[in-house]
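Asks: Sequence:
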Amino acid sequence: MNHDPSPEFLRWANGYGVIEHSSETRDRVRALGARLIAAGRTTEVDAYYRLLAAADRLASAAMWAVVHMTYARRMDLSGAPLPPEAFKATPEGHTGGSLNMVPAFVGYLVANAITATTRSWLMGQGHCVASIEAINALTGDVSAVQKGRYDRSEAGLSRLATDFYSYAIDGNGHASVPLGSHAGPNTAGAISEGGYLGFAGVQYVHMPLPGERLVAFLSDGAFEEQRGSDWTPRWWRAEDSGIAVPVMILNGRRIEERAQIAQQGGSDWLASHLRHNGFDPFTIDGRDPAAFAWAILTAEERLERFAARPDRRYPAPIPYVIAETVKGFGFPGAGTNAAHNLPLGGNPSNDEVARQAFNDAARSLFVPSDELDRAIGALAVHGKQNRPPESRHPLAFRHPPSPRLPEPDWTRAGSPADCAMHALDRWFVRLVDHNPELRPRVGNPDELRSNHMGATLDRLRHRVNVCEPGTAEAVDGAVITALNEEAVAGAALANKGGLNLIVSYEAFAMKMLGGLRQEIVFARRQREIGRQPGWISVPLVVTSHTWENSKNEQSHQDPTIGEALLGEMSDTARVLFPVDANTAMAALRSVYGGRGQVACLIVSKRDMPHRLDAETATRFVEDGAAHFEGVPDAADLQIVAIGAYQLEEALKAASRLGRHGHRVLVTGICEPGRFRQPRDPIEAAFTAGDDAVAALFPPDLPRVIVTHTRPEPMLGLLRRLDGGPRRTTALGYISRGGTFDVPGMLFANRCSWAHLVDAAAPLAGWSQVDLLTPAERDAINGRGDPAHLLISTT
108 MNHDPSPEFL RWANGYGVIE HSSETRDRVR ALGARLIAAG RTTEVDAYYR LLAAADRLAS
168 AAMWAVVHMT YARRMDLSGA PLPPEAFKAT PEGHTGGSLN MVPAFVGYLV ANAITATTRS
228 WLMGQGHCVA SIEAINALTG DVSAVQKGRY DRSEAGLSRL ATDFYSYAID GNGHASVPLG
288 SHAGPNTAGA ISEGGYLGFA GVQYVHMPLP GERLVAFLSD GAFEEQRGSD WTPRWWRAED
348 SGIAVPVMIL NGRRIEERAQ IAQQGGSDWL ASHLRHNGFD PFTIDGRDPA AFAWAILTAE
408 ERLERFAARP DRRYPAPIPY VIAETVKGFG FPGAGTNAAH NLPLGGNPSN DEVARQAFND
468 AARSLFVPSD ELDRAIGALA VHGKQNRPPE SRHPLAFRHP PSPRLPEPDW TRAGSPADCA
528 MHALDRWFVR LVDHNPELRP RVGNPDELRS NHMGATLDRL RHRVNVCEPG TAEAVDGAVI
588 TALNEEAVAG AALANKGGLN LIVSYEAFAM KMLGGLRQEI VFARRQREIG RQPGWISVPL
648 VVTSHTWENS KNEQSHQDPT IGEALLGEMS DTARVLFPVD ANTAMAALRS VYGGRGQVAC
708 LIVSKRDMPH RLDAETATRF VEDGAAHFEG VPDAADLQIV AIGAYQLEEA LKAASRLGRH
768 GHRVLVTGIC EPGRFRQPRD PIEAAFTAGD DAVAALFPPD LPRVIVTHTR PEPMLGLLRR
828 LDGGPRRTTA LGYISRGGTF DVPGMLFANR CSWAHLVDAA APLAGWSQVD LLTPAERDAI
888 NGRGDPAHLL ISTT
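Quick note: the sequence shown uses this note's numbering, first residue 108, plus one each step.
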């Protein structure tokens, strides 16, 4: 490598089209080649440079394809200028970011080819999907549903351009082309939509298992979203983590203005910030595929050297690649706000100046077909290297072994009241112990022990760099704790090769919603195209919830997380309301028996009565509901309870009504989504059939629904149970709260047993006067003391 430059080196060093190689990049690349030879990882110097030269040509062709995807209806492989009719009437595309991603992704491909290793990849800026789709089409590494539709023929590339932002829709309301505005299940190798900027930054470090390698492409705009990504060095461990290389595309712009990094000082400021947070940053030329390949391999070398040290101390200095570029490099409008979407000043279909600018720029990016074929042939070494294509990287097809689910330590129904969270805690520890091959991660915003999961904390411990004596901490701890709900949820959601759990106050779980929904939407889209997600379902346990967090102010009293997740497709976003310890364990066990689901369990942490034994608790979860009191064929009224506290009030109300000779059927719902009107065939296969609904909810009975959530969204969800306002009413959280006790919260929100009796009376034709005492009537009508309701039930 120290002799006179070879022809292959010179061919690469001369660049291609708009791609040039700085003297720094040339020196770095030559030094990398020397290291590879010294390490015995390659013996063919010329082959090394042929790969790099091929990368220039693939990158140029992909940039050419990207701008056509935005503006053109077809691609002409002769390179001839396009006439007006060849352009889209309404162009669309996140053009600037996609252009910037092309050299990055091509550099990733080259790093894989140099080292005969297929790394996983993640792109946080999913709106840059045109870059991935263009490269995949050119190389032939497309998804199964795209195969035969997109390739590097003129027809295949023209179809790619036509489909991009075609808004095509079929009769069932689904997209009728396998191409979207963001990365999706149809994008070969994609594992995240990347539509929620910032979540890739808090997840990537938790993704690769030992022995795996990941390149995470991040954006400078997303850096402003989730600063929990600063904590990557706090979480990475050589002992249980694969190598993750973060690569920031620093183009300096968001949609309408400069990114905050650019405003604060650019790459120098960012590097200083990263060093302060434990990273080992370095800057590269973000316009050059070779620079990316060098950066990926160099970052891995640095981290491997750290991991090999017997005296290593954490935090690890995580290499961080800062790829400096201008937004939209290689095309008119680069470096301006316009580069984000439509860089040209006009529409080429009707603007001659814009058309000329497009054709001139396309000419500088164009690669003749024969030269492109040779370049792609040089990179197509997967078979020779006996490795999978990039579309089949390890993270793209996660399917860990099914966990062994231990039998819960069931409690006899009627036993003294106990805490459901304690039961979950004990069972989860047994689950971890039964499955040592599944890496555990617990996302914990702050209060795991306070949330009655002390056994889990003692078993798995907070992950820290330096332990404090006498606390449940460990360098290799599996509890990811930070007062940042998005970051700790991301740790569990990212660990798709293992066992995961997220525990939070119910009110503050709302801060996790964007990250949860990103996983739910992507998994559901996979189901829709017949690709079942293989990762073990992830439970979010929300406790210290609305009704029992009454000692705090109303900020701590919010059932919105369950309501929001019930808006998603119920086969993928499960929401469960266990009512005691046995049903809580049965619910959690059910979640871990599933794949590709996010499940929210609303669990009480105060002692509650044991209502169901092992068999009935399991059936309650499997069927989604169960009768707790009364006989369906003999009932005059049904009270439907959703939630533990709601069930207790329902049983009290039934007792009062029973003393007056009224027969009440009390039915608890564990999983409301099972009883919704299904919205498509996948959800229909998950929901209960009409016969099952009729058996649990006799159609002719007047019905009072009392729910943990706000009543209106639950009533809408349970439309199949609703006999109309004269036959059905719903009570629940009406956004009233404060520093109350539990009875106070129930009273304030008109969910006490007496309010249920009052709501039942007009539905069944009974008299409130006959059912409640004067003091009780005064209390619920706002004229008396709510304490009378407590006296009446003691």
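Any given hint could be a false lead.
Unchecked claim - Cross-link-like lysine-lysine pairs, in silico, DSBU-like; alpha carbons within 35 Å at most:
(1) K491 / K618
(2) K618 / K254
(3) K618 / K658
To be verified - Derived DEER-like restraints, expressed as beta-carbon distance ranges:
(4) A138 / K618: 44 to 52 Å
(5) D525 / R420: 40 to 48 Å
(6) D730 / I362: 43 to 51 Å
(7) I144 / G452: 23 to 31 Å
(8) R420 / D134: 42 to 50 Å
(9) P881 / R702: 25 to 33 Å
(10) I144 / D467: 35 to 43 Å
If you're looking for bench data, these hints aren't it; they were derived computationally from the structure. Backbone N, C-alpha and C fix where the C-beta goes; we use that ideal spot for every residue, glycine too.
Asks: Is K618 within 35 Å of K658, Cα to Cα?
Replies: holds (21 Å)
Asks: Does the Cβ distance between I144 and D467 fall inside 35 to 43 Å?
Replies: This hint holds: roughly 42 Å between Cβ atoms.
Asks: Taking the beta carbons of D525 and R420, is their distance inside 40 to 48 Å?
Replies: Taking Cβ atoms as reference, D525 and R420 lie about 43 Å apart, which means the hint holds.
Asks: Taking the Cβ atom of R420 and the Cβ atom of D134, is their distance within the range 42 to 50 Å?
Replies: violated (32 Å)
Asks: Please work out if K618 and K254 have their alpha carbons no farther apart than 35 Å.
Replies: violated (39 Å)
Asks: For the pair P881 and R702, does the Cβ-Cβ distance stay inside 25 to 33 Å?
Replies: violated (57 Å)
Asks: For the pair A138 and K618, does the Cβ-Cβ distance stay inside 44 to 52 Å?
Replies: holds (45 Å)
Asks: With a cut-off of 35 Å on the C-alpha distance, tell me whether K491 and K618 pass.
Replies: Violated, because 47 Å separates the two Cα atoms, which is more than 35 Å.
Asks: Is 43 to 51 Å a correct range for the gap between the Cβ atoms of D730 and I362?
Replies: holds (48 Å)
Asks: At the C-beta level, are I144 and G452 separated by a distance inside 23 to 31 Å?
Replies: violated (49 Å)
Violated hints, listed in ascending order, are 1, 2, 7, 8, 9; each of the other numbered hints is respected by the structure.
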